[in-house]
Amino acid sequence: MTVKFYTASKSRNQGRDSWSVIFRHPTRLDPNNGKPGRRVRRGLGTADEAEATRLVEELNEILRTPDLWQPAARALATDRFDARVVEVFYEGSEAARLDFQSVRDELLPLPGRAEGYRRVLLLGTTGAGKTTVVRQILGTDPDKERFPSTSTAKTTVADTELVVVDDPTYRAVVTFVPRDEMLDYLTENVVEAALAVHAGRPDSEVTRRLLDHVNQRLRFSYVLGRGAAPEDDLADDEDVDDDDLIEHEDVDEALLEFDSQLDLGQTQVVIAECVDALREVVEAHAGTLRDALDPEEGDERVAEELIEEELENELRQSEAFHTVVDRLSDEIEKRFTTLTDGEIRRNRQGWPVSWSYETDARRDFIRTISRFSSNYAPLFGQLLTPLVNGIRVSGPFSPAWSVEPRKLVLIDGEGLGHTPTSAAALSTHVAELLEQVEAVLLVDNAAQPMQAAPTAALKGIAVSGNSSKLHFLFTHFDQVGGDNLPTFSAREEHVLASVENVLSAIGEDLGPAAERALRQRLDEARSFVGGIQDTLDPKKKAGNRTIGQLDALLASLTSEAERRDVGPAKPVYDRMNLSLAVTAAAKRFHARWRGLLGLEANPSVPKEHWTRVKALSRRLAEGWADEYDQLRPVADLRYELQRQVFLMLQQPLKWEGEEPDEDAKQQIIDDISNAVTQRLFLMTRERLVQETRLAWQDAFAQRGPGSTFVRARIIARDVYDRGAPVPGVVASPDQNRFLHAVADLITEVAEETALTLE
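Everything in the sequence shown is counted per our numbering, starting at 1 for the first residue and increasing by one.
Think of the hints as simulated: they come from the structure by calculation, not from any bench. Small disclaimer: the values here were computed from a predicted structure and weren't measured. One or more hints might be untrue.
[As the list claims (entries may be wrong)] Pairs of lysine-lysine residues, derived as DSS-like cross-links and limited to a Cα-Cα distance of at most 25 angstroms, are as follows:
hint, residue 1, residue 2
1, Lys144, Lys540
2, Lys614, Lys587
3, Lys35, Lys614
4, Lys665, Lys539
5, Lys570, Lys587
6, Lys144, Lys539
[To be verified] Just the calculated beta-carbon pair ranges, DEER-fashion:
hint, residue 1, residue 2, range
7, Asp105, Ala199, 34 to 40 angstroms
8, Asn501, Arg113, 32 to 38 angstroms
9, Ala47, Tyr6, 31 to 37 angstroms
10, Ala114, Leu580, 42 to 48 angstroms
11, Ala601, Ala505, 52 to 58 angstroms
12, Asp143, Pro568, 26 to 32 angstroms
13, Thr27, Arg113, 41 to 47 angstroms
14, Lys407, Ser504, 33 to 39 angstroms
15, Pro568, Thr27, 54 to 60 angstroms
16, His609, Asp79, 31 to 37 angstroms
17, Gly623, Ala47, 30 to 36 angstroms
18, Ala601, Asp341, 37 to 43 angstroms
19, Ser398, Ala47, 27 to 33 angstroms
20, Arg346, Ala114, 30 to 36 angstroms
For glycine and all other residues, C-beta sits at the position ideal for the given N, C-alpha and C.
From just these sequences and the hints, can you work out the full model?
What follows is the structure, encoded as structure tokens:
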């Protein structure tokens, strides 16, 4: 194979004192084509031109020496070159990614069972009110403090971990998304903005796409502002999200004042210049593409879509395009330089890894932490919220209505979203959190029937063996009304009737064990609250009732249910049924994804747009994510295997020893399901990510007419057929490996739990 060599050069953007280096990395994948040659731009940490020249020459020496390109050669390079050069070249080359939870643990350890604490994961659709519930438990003022931030739209992707402590000091630790991840999202934004230019959209639309990611994953408008739109137009702007239009007359103005040296006017100038630059670069590349492209017969995309894809490819190779990305990236990094409170830790290239802070002053704490958690529109241009991937806070939080302090760790993450079907699997991250916590609080809007997303969450909780952790909280109960619902009990029965229908449907899908376990939790651990967006008044009937419900909920969350002694009974299963379960899981997985990829018609799973499939393939090719929005192949395979194993566990051949009662059977099934789930995380990642990385790279690299179908076939054939093949009568090597992998997993579980295979 021909080795391609690259050369590094130094640069310094206007208005910056320090020097940067730009080069193509010989082993890291280019996001444009999935092949080696990723463009890298990193700061050199010096304003001295002579020193910058020396560092660039050292980097060029590495680029001229293929023996130094692999991560294993880092130690050798460390002995020969400046540490800054080594960090620039090898950053991101190693397979291991930084464990941000461990970073937070180092700076602010989470208390656990040994200290009498219980961790509670809050789940709910966006806008259901789970963060509002957190405010009530913490006792933060909903008008003046507004912490944590609430929204009817997606605000942040970060996990917020909140600890109630009997200590006068407030502490916080924040960790940030890696630079490369930020740049990938930012580059996608610039591409979307360029396509808007190509489509003849006005500057306002181009700016919106430039600042906010298409799936709201990272909303850079929080960091950079909304561009040059007058503030007076904010409330009239149809593009403004609901969470930006909040009443702020009662907000403590001191909480909005940051000691910032940012020139927001200059940032608006940069954004406007970036829009102008995009218009120039699009004009330079788009003119010759239409005549050059001739869509092949069978490619369903119209010519304009093919032109847009080729335009994206051309743009990503353009230095002018990357200059736009660089300028916006520089503006983002400026926000970190204005942090005056707390301690910020950076990697050797200057990108922040963590920030920590502590104080005894509650007002100062809320003001300071808002920089990393707020979605408050008047602060746009100064916030760092979208760049946060985890925030941990501890302090003497307590609501005025609480009768006693509760030892709780509340974990409030990204909303479940609004999935179109209850067949959608929980993301890998949420599913892993289910295994780590002692309680799960499902927050749902009582004023409407239970939607697909919480239904999917209930299914995921059931098949993973975590039903005993579940608690239900129904919000907006004050909005449940009607002439036929005159009393609290009548309204409660009305809400429960809707949930009963959902549980019946789950029983039809997952069997009686799932329905029984979930119904039991609904009977034992449910609460109804209303008006929690305001300060609760115990002197009012509604407020007093909600306080009683919340107090009972906290007592339930902090108490640990006793496990029964189920005795020596063991269920016995036929190994052949395990093979049938794996076959059924693989068939359902492939049917779903062949529909998503457009390879087969599937009425329940519509074909995904080609750009979303391409975005998924890029993330899997580069290895920094295993999903894109609701496209979750690893989670889907895990869930299908969980589901089929859970169904199998409900039908044992017999019981060794005396057959237990229904409660004991449920506990045994849950224990086995939980042990299976914990092992499936590793197995599904290995088979659909690690072992098939080259196939994902091949899929992403497809370009031009016909590439949509070629990419889909590669994913179906070289990833899914290899990683999770459907077993047949004459098993192929891949089928045998898949069956053996699942069988070995179940055998390990059998050795540790009350399970026998014959």
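Structure-based check of all given hints:
no., hint, in the structure
1, Lys144 x Lys540, "holds, 22 angstroms"
2, Lys614 x Lys587, "holds, 24 angstroms"
3, Lys35 x Lys614, "holds, 15 angstroms"
4, Lys665 x Lys539, "violated, 46 angstroms"
5, Lys570 x Lys587, "violated, 30 angstroms"
6, Lys144 x Lys539, "holds, 22 angstroms"
7, Asp105 x Ala199: 34 to 40 angstroms, "violated, 47 angstroms"
8, Asn501 x Arg113: 32 to 38 angstroms, "holds, 37 angstroms"
9, Ala47 x Tyr6: 31 to 37 angstroms, "violated, 25 angstroms"
10, Ala114 x Leu580: 42 to 48 angstroms, "holds, 43 angstroms"
11, Ala601 x Ala505: 52 to 58 angstroms, "violated, 24 angstroms"
12, Asp143 x Pro568: 26 to 32 angstroms, "violated, 59 angstroms"
13, Thr27 x Arg113: 41 to 47 angstroms, "holds, 44 angstroms"
14, Lys407 x Ser504: 33 to 39 angstroms, "holds, 37 angstroms"
15, Pro568 x Thr27: 54 to 60 angstroms, "holds, 56 angstroms"
16, His609 x Asp79: 31 to 37 angstroms, "violated, 50 angstroms"
17, Gly623 x Ala47: 30 to 36 angstroms, "holds, 35 angstroms"
18, Ala601 x Asp341: 37 to 43 angstroms, "violated, 57 angstroms"
19, Ser398 x Ala47: 27 to 33 angstroms, "violated, 49 angstroms"
20, Arg346 x Ala114: 30 to 36 angstroms, "holds, 33 angstroms"
Of the numbered hints stated above, those contradicted by the structure are hints 4, 5, 7, 9, 11, 12, 16, 18, 19, listed in ascending order.
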